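Asker: Since chain S is already given, all that's left is putting chain Z on it; use the hints.
Chains S and Z, in that order, give the protein sequences. Per this note's numbering, the very first residue in the first sequence carries number 1429; after that it's consecutive. Per this note's numbering, the very first residue in the second sequence carries number 42; after that it's consecutive.
These are computed hints drawn from the structure, not numbers from a lab. Be aware that a few hints might be false.
[Stated by the list, open to error] Sample of chain Z residues with no beta-carbon within 10 Å of chain S, all distances over it, derived:
#: 1; residue: ALA48
#: 2; residue: ILE72
#: 3; residue: LEU128
#: 4; residue: LEU156
#: 5; residue: ILE220
[What the hints assert, rightly or not] Covered stretches of chain Z, going by a simulated chain S footprint (3 or more residues, C-beta under 8 Å):
#: 6; segment: 54-68
#: 7; segment: 129-139
Predicted model only: the values in this text are computed from it and were never measured. Quick reminder that beta carbons are idealized off the backbone N, C-alpha and C, glycines included.
Here is what each chain is made of, one letter per residue.
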Amino acid sequence: MGKPSPDAAELQAQGLECIRGDRLLFCDLSFDLAAGELLAVEGANGAGKTSLLRILAGLSLPSEGSVVWRGHAIARRRAEYCAEMIYLGHQGGLKMDLSPLENLRLWLTLAGLEANDDAITHALATVGLDGYQDAPTRILSAGQRQRTALSRLLLSAAPLWILDEPFTALDTRGLTLVRQLLDRHADRGGLAVLTSHQPIEVSGPLRSLVLA
Amino acid sequence: MDSLVAAFLALLRRDLMLAFRHRGELANPLIFFLMIVTLYPLGVSPDVNLLRQIAPGVIWIAALLAALFSLENLFRTDFDDGSLEQLLLSPQPLPILVIAKVLAHWLVSGLPMVLLAPLLGLLLSMPATAVKVLVASLAIGTPLLSLIGAVGVALTVGLRRGGLLLTLLILPLYIPVLIFATSAVSAAAAGLPVAGQLYLLAALLALGVTLAPFAVAAALRISLS
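The following block holds chain S by itself, in its conformation from the complex (with noise of 0.2 Å):
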């Protein structure tokens, strides 16, 4: 892990301790994020990533220690955190009798932003889905579906992403593309905490954390 350095740190993880029904997933789990920096969380199947990242989240409450964001434990500032981090789950969050364009109007709604319609269609075109901004979510592909809901990241611009398995499903193609939007968002200053079974390359320094 890296060293500490408190002034530069925009996310922390004070002495995480998860338990899921009897069994204790990670205790006194601490680091530091800075600007720019990504992480990635490594472990085998069960080991707490998605857990651990839905704590980051603040979907669920560590049984012991805190997250910390820009000085702040985001359970005391939900709002502002909420609106600067984007959480893309296992599900996408999308509802499957709506197509991509009000899929993601309404996110971006929810979000507090405004949803433009141009922009979405935008969006959707970089992700590969150029044309099918109005057929129904049912009819893509799961890669597609993941395509759909990654063009959240060009969407908004969030400065912390939690992704759990971003790479699901996504063909080569695919690969490269949120490995590029990983780099830009790092260059940027952006923070992403992410898991994946697949090896993340991306140009920048990686950082990885293990869970055992």
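Answerer: Relative to chain S, chain Z alone:
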């Protein structure tokens, strides 16, 4: 504030749109409601005096069961496809978003029952004054059923088989609504004043609108953690 209103309306619109894209499912609770009520004259007795006497209870119990039946889907699909997670991660206050969801649910399941009630009142040969009160009691009572039910659904949404538990949780809470509503309708049929019961129902609704969204929001956070 503007973004909150926009989020509220967008969520309401989406839920209504989804409901109308599943027109078949939309009609299920309503058909259920109709069936229970129409079975009574066949099953109990076609005697007009008896029907008139039991009509308020029959219609209200049917409305209650239909509401229960329709509630299951309030958060289920959102939970399964991950959009509930995204709702919880919205910077907008969750209780307000919950109101949008419950309102959409009431518009597609509760409101049709209110509109259908006069017809059912006639079917069970209720006097016209009682039908009016029946509609009023349903108009005040069914939103309350949706609100109370939402708390139960939010608590059980994380469970695979929450159906029975949901019933056990919320049916007792429905009982006061049932008692006041049916007593209002019976009183109207007997020519007695009904303002008291209706005001009480309205007070319960005011309490429900202000408190239930907070309970639902907290329950959702617990269910998803």
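Asker: Taking each numbered hint in turn, which are not upheld by the structure, reported in ascending numerical order?
Answerer: Result: hints 1 and 3 break, sorted rising.
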